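Student: For reference, the chains in residue letters:
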Amino acid sequence: MNRYPWWKYAILAIAVVVGLLYTLPNFFGEAPAVQVSSAKATLKVDAELVPRVEQALKDASIEADFVQLDGTSVRARFGDTDTQIKAKDAIAQALNPDPADPSYIVALNLLSRSPAWLSSLHALPMYLGLDLRGGVHFLMQVDMKAALTRRAEALTGDIRTLLRDKAVRHAGIVRAGNSIEIRVRDAATLAAARTALAELTDLEWSEAADGDATKLVGNIKPEAARLVQEQALKQNIVTLHNRINELGVAEPVIQQQGADRVVVQLPGVQDTAKAKDIIGRTATLELRLVDDSPEGLAAAAGTAPVPFGAERYVERGGQPLIVKRQVILTGENLTDAQAGFSGDTQEPVVNLTVDAKGARIMRDTSRENIKKRMAILLFEKGKGEVITAPVIQSELGARFQISGRMTTAEANDTALLLRAGSLAAPMEIIEERTIGPSLGAENIAKGFNSVIWGFAAIALFMCVYYMLFGVFSTLALAVNLLLLMALLSMLQATLTLPGIAAIALTLGMAIDANVLINERVREELGAGAAPQAAIHTGYERAWATILDSNITTLIAGVALLAFGSGPVRGFAVVHCLGILTSMFSAVLFSRGLVNLWYGRQKKLKAVSIGTVWRPGAAKPAAQA
Amino acid sequence: MEFFRIKRDIPFMRHALVFNIISFATFAAAVFFLVTRGLHLSIEFTGGNVLEVEYARAAEVDKVRTSVEALGFGEVQVQNFGTSRDVLIRLPLREGVAQTEVVGRVFGALCAAESGTVQQREGVSNEGEPISRQVCEAAGAEPLQLKRSEFVGPQVGRELAEDGAMALGFVIVGIMIYLAIRFEWKFAVAAIVANLHDVIIILGFFAFFQWEFSLSVLAAVLAVLGYSVNESVVIFDRIREAFRRYRKMDSAQTIDHAITSTISRTIITHGSTQMMVLSMLLFGGPTLYYFALALTIGICFGIYSSVFVAAAIAMWLGVKREDLVRAAPKGDPDDPNAGAVV
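Chains A and B, in that order, are what the protein sequence lines are. Numbering of the first sequence is given in our numbering, commencing with residue 854 and proceeding in unit increments. Numbering of the second sequence is given in our numbering, commencing with residue 517 and proceeding in unit increments.
The set of hints was computed from the structure by calculation and includes no laboratory data. Take these hints with a grain of salt, some might be off.
What the hints assert, rightly or not - Among chain A residues calculated to face chain B with C-beta under 7 Å, some are:
1) ALA1310
2) PRO1351
3) PHE1424
What the hints assert, rightly or not - FRET-style restraints, in silico, Cβ to Cβ:
4) ALA1383/A <-> ILE537/B: 45 to 53 Å
5) VAL634/B <-> LYS1224/A: 53 to 61 Å
6) ASP942/A <-> LEU587/B: 50 to 58 Å
7) ARG1453/A <-> ALA544/B: 56 to 64 Å
8) GLU1185/A <-> ARG610/B: 51 to 59 Å
Unchecked claim - Counterexamples of contact, computed for chain A against chain B with all Cβ distances above 12 Å:
9) SER891
10) GLN908
11) GLN921
12) LEU1016
13) ALA1020
14) PRO1147
15) GLU1168
16) ASN1265
17) SER1326
Predicted model only: the values in this text are computed from it and were never measured. Cβ atoms here follow ideal geometry from the backbone N, Cα and C, with glycine treated the same way.
Next up, chain A with everything else stripped away, as it sits in the complex (with noise of 0.2 Å):
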């Protein structure tokens, strides 16, 4: 009866020797590298770059353990911390030309060093949270309040805008807070204001008397605000990652968290004032004119000087390019920016929506102007870089298209460029954290310790008190942290101070399982069942308890997960992962071991489990 079929075994194999081969990267430990990753928004990093910097640390006859694309960067690996500096400086010079004017960031970092047979499968050791490696935190609200005010005033100049086109005589348009008051004095105008307004399918409206004349109010609909509210988040995530592409941080975490929160994370900054600064930037977008007169060209080709009134730019490809001074609209006029295709072609093509004042101002320049080229200029910390630089086909209103040789990708990108010039909605900084790199590595210290003494502590106990059976559980505990360890690596997530304590203390309540069937199965032994029967009834009976107190337990742990924030969610995933995996081997993993070493012997007269003590026997029985 205590035997297992030989599929079981195998279940319990694959899952050790799984677990054995995830938790493996953890212990290799990481090696200094460099990384390589763009620096401006327009450029971006492919599989081109891998061969330059393998080129560059040729030239400088340093030696990589390999170089390779991962991502957004190209990443080389070095033996030691001198040649990563030496590294660093030679990739740095190759790639930045103009050290002023730096195209790529050149950062240093740390990668695993795990062979990459490991790597290829996905085995890769847990990421460190800040507490662990140092860093700087910030916890940024984004004020959608003005995000909504904000597309409350575009709106109340298109409607301006739409009821002058429209001939509508109001008696006037205000915007209240987030809704915008249009007063009319006639029926009839009233009626004509309702159909020209039907066009705007943003805004629910209402009626309201107002002295002798009617009131027509706008409300912003609440899916409208609310994808007025999911962009100004998205948008200012592109913007924070921009910025913070300066900073040259080799991994920073940028994510959404809640409905209008955004949380930064980057490891490795001491220096908060320099963050925040850069945080706290703005960059502005600018349309204007290309200078495409025959001395403008022969500026661009740099056979002349550049014309007065104009600029010189470098296109997006690295083309230069020259820009008239004179600017027709700011990225506050553009109110929206968004990749789609076209109607009649299918090409895709970049659909942008400006204000009324930018429709009235773009329609006059683009009748002037047709067959000319307009170029949209971002400009962050003073220097000005051309996004696009289209050809004006057609007098333009308010929602015109860019399109022409653009895949869908690079439609996305420019739309997104675009949109990235500036923060939707500004921002506050409402939680700071800063931890120092000595303080995060006291802290793996102090957590790897934890566990390390309190497991030794608990297997000693359990081999003295229970012997054999103690020997079991202690395996069943270690596998138990094998499989943890692997399933946080499987699922890449970050290991924190509070995680490393969730480690200790499921550890801790794991070994209640086992202590449950250990005294099961002494107690049915103490009751004068034969060996092998007392094996059996003490697992089968212990297993209804040990389910029912894993779920009071889960229940506590899933209370913290759904409610929990930052540290305590941490805490939360390993708690009730650790309740999973220990539920797997303190039944199962235990009662295979004891099935293997007991199972087959048919006359089994004695389990070595520590002292059984029978309460009618006058003389304890000592088994062993």
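Let chain A serve as the given structure and place chain B on it in line with the hints.
Tutor: For chain B alone, kept in the frame of chain A given last:
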């Protein structure tokens, strides 16, 4: 080895009244201290600034306090943290002060007090990670270092407190529903009352000693709540089984039997968990100290309350054989294996 050689069932329930009076007294004391002293909430809940500064030599707390107070940020708390060289400075939220600049200004003031100047330094850590930080320099040495700083805005604090209360409510309701389905409402009520009494007592300790109640302590409290409910579950499981097996015993005897037969397991598992917690208390450093402390109190009172309080309450509520055995599958009611069927 065998710790527990109990010949007869210990008549716990005979003294149920005494235990309940003790419990009530501790509970009342805990509530009293919670009301009169209140919890010393960490800045995670109240909002504010915290700086941890490490001095090269033993820090002069009074000097630090004077220099920070001179900045006029209101009530400042300065204390040693872990070692005599580490100092923890807590600043409350204050209207009209740009909160995000507080850390920089305090560090500057502390640096000036050591006659140093704040400088920007770029460097590489031992692991090869780039670090740029502000350094206080005085005559070529670093008299102090900023180890950690934290700022929490007022809205975050309020939300955390609300979320904490929500989590506690969720745990209580969830466990009650589960126990009511699995056992019987009387057990559910008994288990929750017993364990809430633990929670209040932990909080009472924190209020009495004015230990800092942080987010991790809250996590510990909730974890311990789930953990000690499982203690009650084990005993209830046994009570149910005993009701089925020993038909001649009355309720009190059955409960006594169930507690006696699980006492060895109760003490051993709690002892094991406590070993782990003790290891955290000893090796985990100041960050994990209160977390481990809350767990320690929770575990000790968890044993007490599941053994002496939960079962007693279930008895007062009048738990009977019929309440539990009714749910048993039809067939042989004396089947000793019946309790194991899930």
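Student: Measuring Cβ to Cβ, find out whether SER1326/A lies farther than 12 Å from everything in chain B.
Tutor: Given that some Cβ of chain B is not farther than 12 Å from that of SER1326/A, nearest at about 10 Å, it is violated.
Student: Against chain B, does GLN921/A keep a CB gap of more than 12 Å to every residue?
Tutor: About 18 Å separates GLN921/A from the closest Cβ of chain B, which puts it past 12 Å; holds.
Student: Going by Cβ atoms only, is ALA1310/A closer than 7 Å to chain B?
Tutor: holds, 4 Å
Student: Do the beta carbons of VAL634/B and LYS1224/A sit within 53 to 61 Å of each other?
Tutor: holds, 58 Å
Student: Taking C-beta pairs only, is ALA1020/A more than 12 Å away from all of chain B?
Tutor: holds, 48 Å
Student: Does the claim that SER891/A lies off the interface hold, with its Cβ farther than 12 Å from every Cβ of chain B?
Tutor: The claim holds: SER891/A sits with its nearest Cβ about 18 Å from chain B, beyond 12 Å.
Student: Next item in the hint list is PRO1351/A. Is there a CB on chain B closer than 7 Å to its CB?
Tutor: Nearest chain B Cβ about 6 Å off; hint holds.
Student: Take a quick look at GLU1168/A and tell me if its Cβ sits farther than 12 Å from every Cβ on chain B, holds or violated.
Tutor: holds, 32 Å
Student: Please check whether PHE1424/A passes as an interface residue: C-beta within 7 Å of a C-beta belonging to chain B.
Tutor: holds, 5 Å
Student: Is the Cβ of GLN908/A farther than 12 Å from every Cβ of chain B?
Tutor: holds, 23 Å
Student: Would the least Cβ to Cβ distance between ASN1265/A and chain B come out above 12 Å?
Tutor: With a cut-off of 12 Å, ASN1265/A remains clear of chain B, as the shortest Cβ separation is near 31 Å.
Student: Holds or violated: 51 to 59 Å for the Cβ distance of GLU1185/A and ARG610/B?
Tutor: Violated, since GLU1185/A and ARG610/B (Cβ atoms, about 35 Å apart) do not stay within the stated range.
Going down the numbered hints, you'll see the structure goes against 6, 8 and 17, while the others check out.
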